[in-house]
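Engineer: Okay, here's what each chain looks like letter by letter:
Protein chains: 2
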Amino acid sequence: MTETPPAPKATAPNAIAAVSEARQWDRLMAMAKLGAFRGVDGSEGVNRACLTPLDREARRLLIGWATAIGLAPSIDALGNLFLRHEGTEPGLAPVLAGSHMDSQPAGGRFDGIWGVLAALEAVQALREAGIATRRPIEVVAWTNEEGGRFAPGCMGSMAYAGNSPADAWDAVVDGEGIRFGDALREHLAAEADLPRRPLGVVGGQAPHAYVECHIEQGPRLETEGQDIGIVTGIQGSRWFLVELLGASAHAGTAPLSLRKDAVQDMVRAIAALNALMDDPTDVLRFTVARIEVYPNSSNSVAERVRFTIDFRHPAAKVLLDRGGRIEPTIRAAVRHCAVTVTERFHALPVEFDPMVTEAVARAATAQGLRALRMPSGAFHDAQFMVPLCPSGMIFIPSRHGISHNPAEYSSPEQVAKGARVLAQVLAELADLAELAEG
Amino acid sequence: MTETPPAPKATAPNAIAAVSEARQWDRLMAMAKLGAFRGVDGSEGVNRACLTPLDREARRLLIGWATAIGLAPSIDALGNLFLRHEGTEPGLAPVLAGSHMDSQPAGGRFDGIWGVLAALEAVQALREAGIATRRPIEVVAWTNEEGGRFAPGCMGSMAYAGNSPADAWDAVVDGEGIRFGDALREHLAAEADLPRRPLGVVGGQAPHAYVECHIEQGPRLETEGQDIGIVTGIQGSRWFLVELLGASAHAGTAPLSLRKDAVQDMVRAIAALNALMDDPTDVLRFTVARIEVYPNSSNSVAERVRFTIDFRHPAAKVLLDRGGRIEPTIRAAVRHCAVTVTERFHALPVEFDPMVTEAVARAATAQGLRALRMPSGAFHDAQFMVPLCPSGMIFIPSRHGISHNPAEYSSPEQVAKGARVLAQVLAELADLAELAEG
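Each protein sequence line maps, in turn, to chains A and B. Heads up: the first sequence begins at -3 in my numbering, then just goes up one per residue. Heads up: the second sequence begins at -3 in my numbering, then just goes up one per residue.
If you're looking for bench data, these hints aren't it; they were derived computationally from the structure. Mixed in with the good hints, there may be bad ones.
If you want the footprint, here are the derived chain B segments under chain A, 3+ residues with CB under 8 angstroms [to be verified]:
#1 112 to 121
#2 133 to 146
#3 236 to 250
#4 275 to 287
#5 292 to 304
#6 312 to 320
#7 396 to 407
Below, a list of computed lysine to aspartate or glutamate pairs in the EDC-like style, where the Cα atoms sit at most 20 angstroms apart [unchecked claim]:
#8 B/Lys256 <-> A/Asp178
#9 A/Lys256 <-> B/Glu172
#10 A/Lys313 <-> A/Asp278
#11 A/Lys256 <-> B/Asp37
#12 B/Lys256 <-> A/Glu323
#13 A/Lys313 <-> A/Glu288
#14 B/Lys256 <-> A/Asp37
Glycine included, each C-beta is placed from N, C-alpha and C at the ideal position.
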């Protein structure tokens, strides 16, 4: 027989062994210092909002680690950061792997950042194992996945995937009135030393695949004693902003019958929405978690209230039907205020591609790990990559299912298992492509 | 007949004529520039929180006008500002007249500040008319009546009256985490050039009387075509702060049945309080107008909510009975959160002294004005002066009854009428005292 290219599945074990549990954990803990705060229960949380100095510091730390092992950084117009491991055939479509680096305001040390560090760890392990891949692999950190500072989330991946234009959110303001467009410009100026790449698919060449590691953010893997979640898809999400305009008045003099009290109309609206969203199966997710009152003075009747709605469901039909009834329900419930309802995020459920999910399943099996096929309740950047290329995700257990909370935790061993599965998946995807196309 | 002291009622008309409608209006508009902002309806409002640089600027402007006509400034440990018109018998108890200079966050140009400027105008008119009063008259500007930045309101008058110790509110923080005690220290340091006077009643000598001019902040005078409100008393007020502690969680993954959602418990609490506070006669005032949510991120279930309750009623019994049921009602309504209810302000209803109310009635009649006896729905610094000395208030109409709002308005003619009544009342009180005691 003539010489053939090395079989990818044969080379992977070296890379698996090269994944360093200690190195990945140390990097996670180093990142956790950027925005560290102590939760009410004493847990160490992270508050690292996107496009803040802390976010930039985290990116610089990542770039330092990546360039030290020979990866090439570049950023696009949304601030999405790419760290490229070159393939032996640089012209082939790359495999992308990553997640995001921003956190919720009272978030944890794993959500998002682990997916980026796992991709770095996996690529570093491949390189240290001496494995060349024909396809390039790009570690990616998407801008503003959380939407905690600027809503909606997933701006970076949505713009990359062509789901929304690059300037779609320029006018979105954070809690301090800073426009997203201005924060982004300031950020790009601070990163002017990094090579700039065009936003989105370059030269019509979509990625070969996208893989994202993430903590589960729910209790299933832990409860069922599983190591790895083979994510089959993501439930749909719709976000709304509700604005109620009443009239301020003196709390001591204005008769209740004559008031246009925006707080009272908000209470009516939420009560009506609770009835609309009632779901005995407890599958539906309905959340009002952000409220702003103006003037927010205890003795001035509220003139204006803005509140958010986060509505999710795995079935597109439910998402469309009940989501469509949100505005009429609010209008029927409100008595005195002018009502504005704006949809700010609309992501229908997606299913991941077997090319990725089966690679994850094979890797978990090969490594002797217990794996469970499951949908994701949280949305992720991967949701927006689905129309672009075969995509998928790898979950690991979250202690007590807690996330978006300082108590969020996965152990060093659990995150190492996730990175090892990713290393094998990347080796396979970056090589199998060659086989398919060669 | 031997020479007798001038009869006060005979001298007053000169002072009435000396009240300048234009001067008082110009001063009101000059003050309105300090914190000016444009309301949603285009009205010019004022946002001048207590102990801010704007508050200091307003006080300096007032002191400039007062010292230019010979009044002597002094301040006490709470930052209360006094501008003294000396009596021919300086040892007699003074008559105090004034109000406050701070505003609501989205307040108007008249609430509070007019009462201070009316007192200055009245005293200036007395002096320009050549009227000497045997008693001193002190124009007073109380610190933090609104309670918009630091709750509760009326700190200055409460401390002056001995209702609360001077350091009672040192630990109260504003929305930016600044302590009242620190803001006050900074303010006093900035006013170190002003003579300092002891806090409260000096040498056991309570004021002879206290008179406060204020806009009505309700629609009655306008609706009934009256010029002057002879204020007979003030309804009682109780303020509460409610804190709910739940648990943050991921809005996309956490099942509703397992959440400890502080926003949902707030909605339950407010709905239950609405039922408790139901009043078909529409006399009771119940307001929730300030809400803070943590972490206030649309996709993180709310861990904590703080909201305020402002509850008022003219009957002490209702205030005590229903006020006492607020905490149990909240505890019964809340399902998942830990509850803390703190009472932050407690002022029972007061009745004003006939010595003042009758002087106001006589002055209005003498000036051919239409006057109505009425209680006050809003609380005022005068409420805390009642235990100390004969006290009373003079109301003028508020357009459409609107207050705590940029649209707050009283005309130049209306404020002039109020100042003229005050001038006569001050002349009478500062002289009649002599007759009563002489």
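Engineer: Hints first: check each against the structure and report whether it holds.
Structural biologist: Quick rundown of the hints versus the structure:
{"no.": "1", "hint": "112 to 121", "in the structure": "violated (count 0)"}
{"no.": "2", "hint": "133 to 146", "in the structure": "holds (count 3)"}
{"no.": "3", "hint": "236 to 250", "in the structure": "holds (count 9)"}
{"no.": "4", "hint": "275 to 287", "in the structure": "holds (count 10)"}
{"no.": "5", "hint": "292 to 304", "in the structure": "holds (count 9)"}
{"no.": "6", "hint": "312 to 320", "in the structure": "violated (count 0)"}
{"no.": "7", "hint": "396 to 407", "in the structure": "holds (count 5)"}
{"no.": "8", "hint": "B/Lys256 <-> A/Asp178", "in the structure": "violated, 36 angstroms"}
{"no.": "9", "hint": "A/Lys256 <-> B/Glu172", "in the structure": "violated, 28 angstroms"}
{"no.": "10", "hint": "A/Lys313 <-> A/Asp278", "in the structure": "holds, 16 angstroms"}
{"no.": "11", "hint": "A/Lys256 <-> B/Asp37", "in the structure": "holds, 15 angstroms"}
{"no.": "12", "hint": "B/Lys256 <-> A/Glu323", "in the structure": "violated, 26 angstroms"}
{"no.": "13", "hint": "A/Lys313 <-> A/Glu288", "in the structure": "violated, 31 angstroms"}
{"no.": "14", "hint": "B/Lys256 <-> A/Asp37", "in the structure": "holds, 15 angstroms"}
Hints 1, 6, 8, 9, 12, 13, counting from the list given before, are not met by this structure.
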